[in-house]
Amino acid sequence: MIDITLPDGSVRQFEAGASGYDVAASISEGLARNALGVRVNGEVRDLARPITENAKVEILTWNDPAGKATFWHSSAHLLAEALEALYPGVKLGIGPAIENGFYYDIDLGEGRTISTDDFPKIEQKMVELARKKSQYVRREVPKDEAIAYFEEKGDPYKLDLLQNLEDGQITFYTQGDFTDLCRGPHLPDTSSIKAVKLMNVAGAYWRGDEKNKQLTRIYGITFPKAKELAEYLEKLEEAKRRDHRKLGKELELFAFSEKVGAGLPLWLPKGTALRERLEQFMRKAQVKAGYLPVVTPHIGSKELYVTSGHYEKYGADSFQPIKTPNPGEEFFLKPMNCPHHCEIYKTKPRSYRDLPLRLAEFGTVYRYEQSGELHGLTRVRGFTQDDAHIFCRPDQVKEEFTKVIDLVLYVFRALGFEDYTAQISLRDPENKAKYIGTDENWALAETAIQEAAAEKGLPTVTELGEAAFYGPKLDFMVRDALGRKWQLGTIQVDYNLPERFELEYVAPDNSRQRPVMLHRAPFGSLERFVAVLIEHCAGNFPLWLSPEQFAVLPISEKYQDYAQQVYDRLIQAELRGSMDNRDEKIGRKIRDAEIAKIPYMLIVGEKEQENGIVSVRKHGEGDVGSIPIDAFVRSFQGQVADMMEGKVVA
RNA sequence: GCCGUUUUAGCUCAGUGGUAGAGCACUUCCUUGGUAAGGAAGAGGUCAUGGGUUCAAAUCCCAUAAAUGGCUCCA
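Under the UniProt record's numbering, the first residue of the first sequence is numbered 1, with each subsequent residue one higher.
Fair warning: there could be bad hints in the mix.
As the list claims (entries may be wrong) - Straight line, CA to CA, 27 Å or less: simulated DSSO-like cross-link-like pairs of lysine-lysine: (1) 153 - 125; (2) 302 - 323; (3) 270 - 607; (4) 249 - 235; (5) 249 - 259; (6) 240 - 485; (7) 249 - 607; (8) 485 - 403; (9) 211 - 133; (10) 194 - 240; (11) 143 - 197; (12) 288 - 302; (13) 288 - 346; (14) 249 - 485; (15) 618 - 558; (16) 197 - 225; (17) 121 - 194; (18) 197 - 121; (19) 125 - 235; (20) 607 - 589; (21) 143 - 153; (22) 398 - 434; (23) 132 - 197; (24) 125 - 143; (25) 259 - 133; (26) 121 - 211.
Stated by the list, open to error - Restraint-style ranges between C-beta atoms, simulated for each label pair: (27) 610 - 235: 46 to 52 Å; (28) 464 - 151: 36 to 42 Å; (29) 231 - 439: 50 to 56 Å; (30) 560 - 235: 42 to 48 Å.
Calculated directly from the structure, the hints in this document are not laboratory data. Please read all numbers here as calculations on a predicted model, not as lab measurements. No residue lacks a Cβ here, since even glycine has one placed at the ideal position from N, Cα and C.
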């Protein structure tokens, strides 16, 4: 007999060799029916695998991420089975579960393609196969037998995978007529896969390497219930409605022009209003935090980037140099602001008393991103960083780091960004040669970052080997409407540039010391930040940021004079808004203002004119009653002030 | 950069080889209306660009550009 400890701490006894299914069945029939897999001492396994010794056991259902992953992984096998049936001779790559569903990489062979038009028949086949209730059967296979199998089958990708596997760790899973090299685990059988949807088809390099052959990747998602699929698709629709590219066009925030160039956004008046509010907000916060604003040119000589090292690393992939009438003279559009700031540092000798020196600039930079990378405002070729460089002594790194985190959190709070993760990127301890800087300094900086993040209680993930070659960093990652992750705020330690630019300060003992440099940008880029902000609030910007905070809507032409007085009063009070003098009925004006997501609609007619009041309608809420104009202004200004102090989450 | 898809009026989109369409927006006129679309008329297109096939191309083929879903990349 063995002891099985359940998640609630209770212990039950089973025959040695009992399966996860047996455990589930002993708890309840429903659990047994819904069980997708089992976690045994932390390891996710097939439900049917015998448990041979005392263990902690957790039954995995659809509600558990690992249960979903098992479900989707098995679905990927089902997709492969369907593809083999429909496209004989198809070669299979890998087919893992992912965050939302699964994919399978396939090689159809010369001249054959798959398009979304083919999806219905593949989906139908999958459903048909799923209904057969084929069991997923696990089998341990000796390496030579595995190789023989895939040689016989003629699948080069599986053979490639087998090369990296040792005898004894190779398992096959078979369901129906399909056998795949797979670590597992899998569902008991195919019958729980009820709803199938293939999402899209894309190219993907074998093993993620650009040099390898490009395979066809088919993405799909499956659910145990049709209703869940419908809900998922509805969620995707909602995400599309929030997409900043769509809202940016509808709300007239920004545009692109083929003639101006790909990836070069044009900020329209309303987008500019929004952006400038963010800029002012940040400028104010930075002045309070001891930053000194500077301004530097949009270009810099080639020598600047030779010194910084960027010429060698990125020169060929950048916008190409700007030439002058002077032969041999070349300038580059600046891809970052730091070299310019280093030159500002060098304008005079610096004392340890001057540090930390914090130079801030809303610097517009230009990077020639690969054409396939461009994406709305999140990935562009010209963008403005809310950049700053902090020059400090090594022992000040942690304190400065902490202060920057405070600033980022202040910004996120004012904007209601709660769903972020802080990614700490450290160097790869196995490969220290890749990085510049002394072990001592790295250790100092890496601990400083980790401690600062921990002290601030940031939700962190740590990635080894993700550090830049010049220093470790901390990035604030948020998701867009479609769940894609983007880096917004970033804080990076840099040992490289101070070295290359030979930056120095005079220490108390009169020796020359090298400062450490921190790059940091709380927004990251204004463009990307605005994109994420748009999706975050679905275009319903917090009042203090809204490009158009109010619209005065006269009931008819007769009240235009009074409406104009109201409008003038609000503009005098520095509110942003518009007046709708069109020859339309009030219902129409309201509808249009609602669609434009204007926070306050001020309706004025006979009643308002006589009493010196406005009828206030709030976006999304409706009529909230009438108040005197001055009272409205005061209440409005009060709300904005509270938001900017972070008292009210936007 | 690579693979797939897309590109028709300002916007959203129909139009599968035979005379370019709709709704909204826009202009003009009527209407002066109290909390989500008042009515009528009008104007608006080198069907992304360049080649090719064809008696005939928005439609079929090729190239280029841009957008888009991924992959790779991201100072």
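Which numbered hints are broken by the structure, listed smallest first?
Hint check: 3, 7, 9, 11, 12, 24, 25 and 26 fail, others pass.
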